[in-house]
Amino acid sequence: DTEVTQTPKHLVMGMTNKKSLKCEQHMGHRAMYWYKQKAKKPPELMFVYSYEKLSINESVPSRFSPECPNSSLLNLHLHALQPEDSALYLCASSQGLAGVTNEQFFGPGTRLTVL
Amino acid sequence: DAKTTQPTSMDCAEGRAANLPCNHSTISGNEYVYWYRQIHSQGPQYIIHGLKNNETNEMASLIITEDRKSSTLILPHATLRDTAVYYCIVRVAARGSTLGRLYFGRGTQLTVWP
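One line per chain: the protein sequences are A and B, in this order. With the working numbering applied, the first sequence covers 23 to 137. With the working numbering applied, the second sequence covers 5 to 118.
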């Protein structure tokens, strides 16, 4: 299984809602990532987890709260988002953080719309 | 910060080779060149990587100049399914403050036409 799955595929939420994005991989990877991609822009790194511990937070606002409950799962909890947070949210995983052949496998993304 | 420069867009006829250039003039000795692509509405997909030697796999070839300041990704026989945005990325593979980070630049939109 070389797949990263993300649910839901699409999400529409109001600014007062609380929702969560879910990412799952069963490749035994120990590093997992969240990226944000606005329309016609490249992906931007948000968070990195290594061995279920938060390793990198790219100064992301606290209304985005990541969680890694186990080595296969990565969640992104959303609360009090703004319309400008509407974007494609991509999850990725890799064997670890270091290593030459340490390519990242990406999921298809969750398209989020904040009204 | 992306450390690469790529043309915004390129065209290629189906069945012909697509040669995508990338400039990385400030690349450090311990940084590798990686290529990913993103087909519309999908997540990015790893293609190939290299340090200083030319590399080939089932998807593409990577040619890195001797001074390592630029590289070219070659898709030998482009198909319509290769239409995508191609990202050239440099990153440290071992220790360092950028460990784990992929900095995507704007990429090149490759359009393969029939």
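Each hint should be verified, as a subset may be incorrect.
Pairwise CB distance ranges, derived in the manner of DEER restraints [what the hints assert, rightly or not]:
id, chain 1, residue 1, chain 2, residue 2, range
1, A, Glu74, B, Gln49, 38 to 44 Å
2, A, Arg52, B, Asn58, 47 to 53 Å
3, B, Arg105, A, Ser42, 46 to 52 Å
4, B, Ser29, A, Gln104, 45 to 51 Å
5, B, Ala21, A, Glu74, 41 to 47 Å
6, B, Thr115, A, Arg52, 35 to 41 Å
7, B, Ala17, A, Lys75, 16 to 22 Å
Rather than coming from a laboratory, the hints here were simulated on the basis of the structure. The beta-carbon is built from N, C-alpha and C at its ideal position, and this holds for glycine as well.
Hint by hint, here is what the structure shows:
1. Range check, Glu74 of chain A to Gln49 of chain B: about 26 Å between beta-carbon atoms, so the 38 to 44 Å window is missed.
2. For the pair Arg52 of chain A and Asn58 of chain B, the supplied restraint of 47 to 53 Å is violated, since their beta-carbon distance comes to about 31 Å.
3. Between Arg105 of chain B and Ser42 of chain A the beta carbon distance is about 25 Å. The supplied range of 46 to 52 Å is therefore violated.
4. Against the hinted window of 45 to 51 Å, the Cβ-Cβ separation of Ser29 of chain B and Gln104 of chain A comes to about 38 Å, which falls outside the hint.
5. Remark: the range hint 41 to 47 Å for Ala21 of chain B to Glu74 of chain A is upheld by a beta-carbon distance near 44 Å.
6. As the Cβ distance of Thr115 of chain B to Arg52 of chain A is approximately 37 Å, the hint placing it in 35 to 41 Å holds.
7. In this structure, Ala17 of chain B and Lys75 of chain A break the distance hint of 16 to 22 Å, their C-beta atoms being roughly 49 Å apart.
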